[in-house]
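Make the full structure from the sequences, and use the hints.
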Amino acid sequence: IFPGDKQKHFANLQKASGIPYDKMLFFDDARDGRYGNCVPVSQLGVLAAHTPGGIYTETVFHTAIQAYKEWDGQAGTIIEHDGTVTKLPAEEDDGPASSERVTGKVVKFFEDRGFGFIRYGNRGTKDLFVHVRNCNGNVEFLEVGDELTFRVGTDRNTGKKMAVDVEKAGASSSSGSVESADTVNLRVFSMNQPFAALLANGHKTLETRNGTMFMPYAEGTKFLLHVGRRTYPDGDRHIDVMKSGGLSDAEIGELKSLPNGFGRGMAVAILEIGKTFDTTLEERCDTEFQRKVCAFGEDSGRRATEIRRVQYLKRPIKVSGQGGVFKADIPRDAVPDGWLSENENASGGTSSSSRSGGGRVVYSITG
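Just so we're aligned, residue 1 is where the sequence shown starts under the numbering used here, counting upward by one.
Source of the hints: derived by calculation from the structure; they are not laboratory data. Hints are supplied without guarantee of correctness; some may be wrong.
Okay, derived cross-link-like pairs now, DSSO-like style, lysine-lysine, Cα gap no bigger than 30 Å in a straight line [claimed, not checked]:
| id | residue 1 | residue 2 |
| --- | --- | --- |
| 1 | Lys318 | Lys222 |
| 2 | Lys8 | Lys161 |
| 3 | Lys327 | Lys168 |
Each pair of labels, with its calculated beta carbon distance range [what the hints assert, rightly or not]:
| id | residue 1 | residue 2 | range |
| --- | --- | --- | --- |
| 4 | Arg133 | Ser257 | 28 to 34 Å |
| 5 | Ile65 | Ser244 | 32 to 38 Å |
| 6 | Ser320 | Arg101 | 45 to 51 Å |
| 7 | Asp240 | Asp333 | 38 to 44 Å |
Every residue gets a Cβ at the ideal spot worked out from N, C-alpha and C, and that includes glycine.
Structure representation (structure tokens):
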């Protein structure tokens, strides 16, 4: 690991190799913000590919190669995780004037330290530092996906921009409104077919990822399952895993299918997670583990999350998919009976007092 920022790293590479920046292609899982790499490296003239899940399939790699072939050499060009190409302005956007109130979304939050980062504005705007001490009201906790309104100020100690006068979006609205009474705000994550159906139908009972998506969430946390627009390209290897458990083609076909009216681009089910834990390749290659994941060990992520229970919604709800964990408002009457606890408020969240109890697991993630 190079002991410095990526711009210095690439400057050293260029000097030592003599290879011009526009002949380099850079893959990284951190796009922008304080710890981002794609934006600063792209501004050197290197073509950067944002790969939040790593280079986990040949498609990720070949999509970037094709984009490189079509690239015009303009500095500040990034291949986004969905294959689209973004060309950043010559300089990062400094954002709005300090007196202007703007809206953004929490993209990172370190609960044990009380700070995180907000994404707002266009793709050229740097993620903005936020600390709970600058939140109005009795706010002790922020969560990825929370929408905030704030002003852009300056930290007196560091001279860097930060969010001040922060409020949760809609916090001042009447709690007795019809909208809040009839909807519930829930966490959501997206999966592509056929694995979304395998999970929703109760066959897939372990979800594995290389990232830390589920690690901040305690056992018993509920999520909506959103079906992505694409089909996961595993070469139908999941079928071989399922057949190893004695399932017939007809049974597999049924497990890979969603009910009539349920489909891509929709929230289709609600689920509750169990524990999240690290695994070794040897553990992932265990036959029973593979059948729970519906994938071979070498195709699985190193962090596994248990799916305790899952149930289809009473009706599918169209939701715009996003990466990672995000939030969505859905009609309360679409949620199956028995899934919404008494601790959940009118918008479906849990009160800050219940979050601060000893039952919440806080993970310290390094490396």
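Proposed proximity, Lys161 with Lys8 (alpha carbon, max 30 Å): Holds: Lys8 and Lys161 sit about 23 Å apart, inside 30 Å.
Does Lys327 pair with Lys168 here, judged by a C-alpha cut-off of 30 Å? 13 Å, holds
Can you let me know if the beta-carbon spacing of Ser320 and Arg101 is within 45 to 51 Å? 24 Å, violated
If you check the beta carbons of Ile65 and Ser244, does the distance land in 32 to 38 Å? 34 Å, holds
Proposed proximity, Lys222 with Lys318 (alpha carbon, max 30 Å): 19 Å, holds
Could you check the hint for me, namely that Arg133 and Ser257 are 28 to 34 Å apart, CB to CB? The hinted range 28 to 34 Å is violated for Arg133 and Ser257, with Cβ atoms some 50 Å apart.
Using the C-beta atoms of Asp240 and Asp333, is the stated range 38 to 44 Å upheld? 41 Å, holds
The structure is inconsistent with the numbered hints 4, 6, although it conforms to all the rest.
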